[in-house]
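Letter by letter, the chains look like this.
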Amino acid sequence: MLHDIRVLEISAPETMMAGRILADFGAEVVVVEPPGGAPGRRMEPFLADVPGVERSLTWHALNRNKRAITLDLNAADGRELITTLLRNFDAIIEGAAPGDGAPLDGIDIPGTVVRCTISPFAQSGPKSDYLATDLIVMASSGAPSMTGDSDRPPIFYSVPQSIMEAGAEAAITVLAGIVARDRGAGGQRAEVSARIAAMMSSMSMPTVIGSGNHEPKRAETTIAGARVPAIFECADGYMLVTVPAFGPAFGRMTQRLAKWAADEGHMPREIADVNWSTFPRDLANKTSTPDQLRALVEGVTLLCRGKTKSELGTAARKLGLLAAPVMDMRDISESPQYRERGLWNSVPITHDGCDFDVPVRFAQFSNFSIETRRPAPTLSQHTAEILRDYAAISPTELQALFVHGVI
Amino acid sequence: MAGPLEGIRVLDMSWVMVGPVSGRYLADLGADVVKIESRSRIDPLRTLGPFKDAKPGSERSVSYHNLNAGKRGLAINIKEPRGRDVILRLVDWADVVLESFTPGVLESLRLDYANLKARKADIIMVSTSILGQTGPHAAGTSGVGTMGAAMSGASGLIGWPDRPPSGTYGPWTDGVAPRFIVPSVLAALHRKSRSGEGCYIDVAQAEAGIQFIMPAYYEYAANRSIPTRRGRAGSPLRCPQGVYPCAGEDRWIVIDASTDAHWSRLREVVGGGLADARYDTLISRLRNREAIDHAVSEWTRTRDAQETETELQAVGVPAHIVSRAGDLARDLHLRHVNHLRRIEDPEFGEAEIEGPRSSFYGTPLAETRRGPRIGEHSAEILRELCGMDDREIAELKESGVLV
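Protein chains in written order, with our numbering: chain A, 1 to 407; chain B, 1001 to 1403.
Simulated from the structure, these hints should not be mistaken for lab results. All residues carry an ideal CB built from backbone N, CA and C; glycine is no exception. A hint or two may mislead.
[What the hints assert, rightly or not] Some, not all, of what chain B presents toward chain A, calculated at C-beta under 7 Å: (1) 1047; (2) 1053; (3) 1179; (4) 1353.
Assemble the whole structure, with the sequences as input and the hints as a guide.
Okay, structure coming up:
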């Protein structure tokens, strides 16, 4: 869909998802790395737990379908070459380090180019000099303050999330700029804050206080003193079951859940006969009691304990419940749903014939298919061809650039 | 221009979160977005908090406004033949249609892609649901992003090893999927500008969620190990890095000072046992993680979280409080970039919602307007976009189609 678009990605951890989304849509994305390799090549996990610049699985996951060059942007030749390359490109994605500005600041950028700069906390303002890592950005997003158990520290994702949030946000921004250009606007200069991107994970939390509400607390859900867990143990793992789902839209789902638990003999029939759609109101009017909710939770606990994820998942679909198996990576790999839908595409990871199926097709189109056209690039894999094709660098000049450490 | 997408027209038939968030992105970027609703089946998001001043009511949900800001609203029963006809006229008007019904519902109303494409060949239509429109488990799977999170593998990665998973905060994939829906729509708009082609786009929340934890999937695919929840924040390859307690109830700070430069500044500030030459090297720090974490915690435990963040950042140590709702409302960065914006509503008065998530120099984005009240713009939309006169609109109203 973007086969006529060329994107230069000055690689930083937070640019990788942006470039990958565009590359998956068919854009020609060229990654620019310093001669020692991009920071993303040093991100865990590593192939067979052995480190190396070609072995980062995070790099592989976020750089498929791209080509890569090395270029020292601090060298005069590096800056001159970037300027020349830019004449052939439509968009730039870059990450700005706090205090250092953006990598392409001071470079003459053609007026037709869409330039998107990602910074942790915006490039101006009170936190613009803040040093930031993934944990720092996520801490500032709000979501971890409400994640985990109240008797222990807040929980963070073990997979860096700020780079995914910021990168996807930058993909939206670049594409909006390209659509504007298609419609007659010139190039665009846009900025994405990784922190604001990551705040999406905190849902509506940023609006809570400014709208006259109390500060929410990190704690297991309790309703009128009744504990309501979100995740229940089952025979072979865990099952998400949203018990406190009431109101006209969700209450019917709770009603069906309650009926099933009673049908299976895990709780008295009268609990299934409670009107769960109106339960919060009835509780306030004292026509319902917290004990009814406790009994439902107990019934669901017993129901889950005796069944597998697969059995519970099948029933959830059949009955229409707000419930789903808590899947691990093997469950995902073996799921007939994902398999038959065509989520997978083979991805070479090590460039030595080692292929794996990975979930590539994040969207399915009636007349386009996301494919793995090439594996993530090795360090400097395409420097010679890109500099030859887009900057008219001769083989002798290429060697000179290498000898002087520019590439 | 009122944003880069000025002139793009979007018919938003989605509800709850994932679709409305996607529509809001397009509205923020300048598109004209019409939201379809009906009083007989209101957007369930209106039943979810936070509510203004914690008082529930179908016109009081701040979440609703946060996800529907900048849209216009039409209240109509699309199951009525004349309601369906209005939708088709809006399809004539629109470039993009968004929907998030349970798979199969639009087919039964003959408003699925085949019908819309027959009406308008170059329409770009997005369907989004928990598991997508195809595959053996698609039919019957209907719900919210907590289910998408569970089936994406994310929920199982969050929690303590000695307890069941805690799961994600809220319906996580409702926020992730729009990051793949919106780029898909924009890429399709670009292609349409070149080739005139429209398309149908099917995004499953769970599949979008997998993208955000892809390194964990690669770990399984390549190394055959199944990543699981590990509780403690931070990487086993870095030290010190983690969450430390501060003074007050449930106050925490993240400190990430594993590199030599950050570490030398941190130990200077904290002093005490951290000055020990034992902790000079990364390897010795990793081997003494517990002692270091203990010393850092003892230092932070009696200190104010916000002051500690400011002090550490001032000397060049990456640190940030674990922001709670109140911290976000007061946050200097968010105030500086005007991310939190006042809205006014005739029923509940003032509230605060978020602004756009990106900024464009030279192409200022539109003002953030509150979301539409149910059917707020029905007459205007029918008149301007569907070409109806007052008599036709009155007839629709009388026959109960505008509900």
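Verification of the supplied hints:
1. Because the beta carbon of residue 1047(B) sits about 4 Å from the nearest beta carbon in chain A, less than 7 Å, this interface hint is met.
2. Because the closest C-beta pair between residue 1053(B) and chain A is about 4 Å apart, less than 7 Å, the hint holds.
3. Residue-level restraint check for residue 1179(B) holds (minimum Cβ-Cβ distance to chain A is 3 Å; threshold 7 Å).
4. The closest approach between the C-beta of residue 1353(B) and any C-beta of chain A is roughly 5 Å, which is under the 7 Å cut-off, so the hint is satisfied.
In this structure, none of the earlier numbered hints is contradicted; all agree with it.
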